[in-house]
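Starting from the given sequences, assemble the full structure and let the hints guide the process.
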Amino acid sequence: MAKEQINKPAVEHILVTPDQAGRRIDNYLTGYLKDIPKTRIYKMLRKGEVRVNGSRVKPDYRLMERDSVRVPPVYRNISEAKQQTPSPAMLGMVNDSIIYEDDFILAINKPAGMAVHAGSGERYGVIELLRTLRSDLPFLELVHRLDKPTSGCLLLAKDHRVLRNLHTMLQENRVTKSYLALLKGRLRGDTEVTLPLRKNEMLSGERMVQVHAEGKGAKTSFHVEKIYNSTCLTRIRITTGRTHQIRVHAASIGHPIAGDAKYGDRDFNRLIRNTGLQRMFLHAESLTLKLPYSGMVKTISAPLPGELLSLLKKLQEKIHVKERD
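So for the sequence shown, this note's numbering puts the first residue at 10; every next one is plus one.
I should point out that these hints are in silico values taken from the structure, not numbers from a laboratory. From a predicted model like this one, the values you see are computed outputs, not experimental measurements. Using N, Cα and C, we set each Cβ at its ideal position, and we do this for glycine too. Hints should not be assumed to be uniformly reliable.
[To be verified] The following label-pair restraints were derived from C-beta to C-beta distances:
{"no.": "1", "residue 1": "N283", "residue 2": "K47", "range": "37 to 45 Å"}
{"no.": "2", "residue 1": "R275", "residue 2": "L300", "range": "28 to 36 Å"}
{"no.": "3", "residue 1": "G122", "residue 2": "G226", "range": "45 to 53 Å"}
{"no.": "4", "residue 1": "E215", "residue 2": "M305", "range": "37 to 45 Å"}
{"no.": "5", "residue 1": "L300", "residue 2": "R197", "range": "34 to 42 Å"}
[As the list claims (entries may be wrong)] Calculated lysine-lysine pairs in the DSS-like style (CA-CA distance at most 30 Å, straight line):
{"no.": "6", "residue 1": "K271", "residue 2": "K167"}
{"no.": "7", "residue 1": "K307", "residue 2": "K271"}
{"no.": "8", "residue 1": "K43", "residue 2": "K67"}
{"no.": "9", "residue 1": "K56", "residue 2": "K67"}
{"no.": "10", "residue 1": "K157", "residue 2": "K307"}
{"no.": "11", "residue 1": "K271", "residue 2": "K327"}
{"no.": "12", "residue 1": "K307", "residue 2": "K47"}
{"no.": "13", "residue 1": "K322", "residue 2": "K167"}
{"no.": "14", "residue 1": "K157", "residue 2": "K167"}
{"no.": "15", "residue 1": "K322", "residue 2": "K225"}
{"no.": "16", "residue 1": "K56", "residue 2": "K157"}
{"no.": "17", "residue 1": "K271", "residue 2": "K235"}
{"no.": "18", "residue 1": "K299", "residue 2": "K43"}
{"no.": "19", "residue 1": "K47", "residue 2": "K67"}
{"no.": "20", "residue 1": "K67", "residue 2": "K235"}
{"no.": "21", "residue 1": "K299", "residue 2": "K225"}
{"no.": "22", "residue 1": "K47", "residue 2": "K225"}
{"no.": "23", "residue 1": "K225", "residue 2": "K67"}
{"no.": "24", "residue 1": "K225", "residue 2": "K208"}
{"no.": "25", "residue 1": "K225", "residue 2": "K157"}
{"no.": "26", "residue 1": "K56", "residue 2": "K167"}
{"no.": "27", "residue 1": "K271", "residue 2": "K43"}
{"no.": "28", "residue 1": "K52", "residue 2": "K228"}
{"no.": "29", "residue 1": "K43", "residue 2": "K327"}
{"no.": "30", "residue 1": "K235", "residue 2": "K167"}
{"no.": "31", "residue 1": "K157", "residue 2": "K47"}
{"no.": "32", "residue 1": "K208", "residue 2": "K228"}
{"no.": "33", "residue 1": "K299", "residue 2": "K327"}
{"no.": "34", "residue 1": "K47", "residue 2": "K299"}
{"no.": "35", "residue 1": "K167", "residue 2": "K327"}
{"no.": "36", "residue 1": "K271", "residue 2": "K322"}
See below:
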């Protein structure tokens, strides 16, 4: 008897970004569906369950910018589903993180340490949790992504046409993304970084991004908001969305982000941990965009989480102590 299926996941429609263009479809799917066996992925391609722009493709097809990739539902049996059922506490945390919602989009203040989707050892991410919470919605997809250690404003679409419009707006730099980060040292005035970035996969399978002349163009603007004794709170704007862009650009100018385990400074990170912060200080503060379905300009803001506010308070208190001395 065939195993009973439960919690049928939704079809996903993914618009290929410039950062993803050039990759083979089989390699892309292997990375995107990291908890699915390769044999299953090749079977989906062979049977035409995966489609690009509505057509079947072979495993060696290379993705092009703005391709629309249809990823079919991936079934799990009951025993697997029971193991992966999110806890009420996890569902409650995501539900409490919703900061904006209308008929077409939904935004959350993503907690640090939570992946945006399942895979790479993650049983579930934001998208799976929200689909569980909003099982009545026929369509719900991520508009963009945030790194697992990053908190802040994450946008999702409830409509396929709106999703495509928002992807186009992102590619045409018509969405303003603002971040707050605590950097090592004192950044001297406003700084703009335009160093090209290239993704590399290490022998261990870890993905790293490096400044490289043959990389893709990237632009990051840093504006100092507050200087502390040996750190600075910085507002950051990006007009491109490369993988790990802010983290690599900050490190490249000698001012890595506090708590960044991948690109940061080990001694600086230890100092920050001793102050009480156990995460990276990078927060997606806001998104500003013209809503494609109404024409209204909307800014969606995500308040700084308590642990980041607490650290800033401690840093400010240290300044006052030093001034009194």
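How the hints compare with the structure:
1. N283 with K47: 37 to 45 Å: Between N283 and K47, where Cβ atoms are some 44 Å apart, the hint holds.
2. R275 with L300: 28 to 36 Å: violated (43 Å)
3. G122 with G226: 45 to 53 Å: This hint is violated: roughly 30 Å between Cβ atoms.
4. E215 with M305: 37 to 45 Å: holds (42 Å)
5. L300 with R197: 34 to 42 Å: The hinted range 34 to 42 Å holds for L300 and R197, with Cβ atoms some 38 Å apart.
6. K271 with K167: violated (33 Å)
7. K307 with K271: Answer violated: K307 to K271 is near 33 Å, above 30 Å.
8. K43 with K67: holds (20 Å)
9. K56 with K67: Cα-Cα ~10 Å, so holds.
10. K157 with K307: Satisfied, since the Cα-Cα distance of roughly 25 Å is no more than 30 Å.
11. K271 with K327: At roughly 28 Å apart (the allowed maximum being 30 Å), K327 and K271 satisfy the hint.
12. K307 with K47: Distance ~42 Å between K307 and K47 Cα, so the pair is violated.
13. K322 with K167: violated (38 Å)
14. K157 with K167: holds (22 Å)
15. K322 with K225: violated (38 Å)
16. K56 with K157: violated (33 Å)
17. K271 with K235: Given that 30 Å is the threshold and the Cα spacing comes to 25 Å, the pair holds.
18. K299 with K43: Distance of about 34 Å is beyond 30 Å: violated.
19. K47 with K67: Measuring from Cα to Cα gives roughly 14 Å; hence the hint holds.
20. K67 with K235: violated (53 Å)
21. K299 with K225: holds (27 Å)
22. K47 with K225: Holds: K47 and K225 sit about 29 Å apart, inside 30 Å.
23. K225 with K67: The given pair, whose Cα atoms are some 26 Å apart, holds under the 30 Å limit.
24. K225 with K208: Holds, at roughly 9 Å.
25. K225 with K157: holds (22 Å)
26. K56 with K167: Holds. K56 to K167 sits at ~28 Å (cutoff 30 Å).
27. K271 with K43: holds (21 Å)
28. K52 with K228: violated (40 Å)
29. K43 with K327: violated (45 Å)
30. K235 with K167: violated (38 Å)
31. K157 with K47: At roughly 24 Å apart (the allowed maximum being 30 Å), K47 and K157 satisfy the hint.
32. K208 with K228: Given that 30 Å is the threshold and the Cα spacing comes to 16 Å, the pair holds.
33. K299 with K327: violated (42 Å)
34. K47 with K299: violated (40 Å)
35. K167 with K327: Roughly 46 Å between the alpha carbons, so the hint for K167 and K327 is violated.
36. K271 with K322: Holds. K271 to K322 sits at ~26 Å (cutoff 30 Å).
In summary, the numbered hints that this structure violates are 2, 3, 6, 7, 12, 13, 15, 16, 18, 20, 28, 29, 30, 33, 34 and 35.
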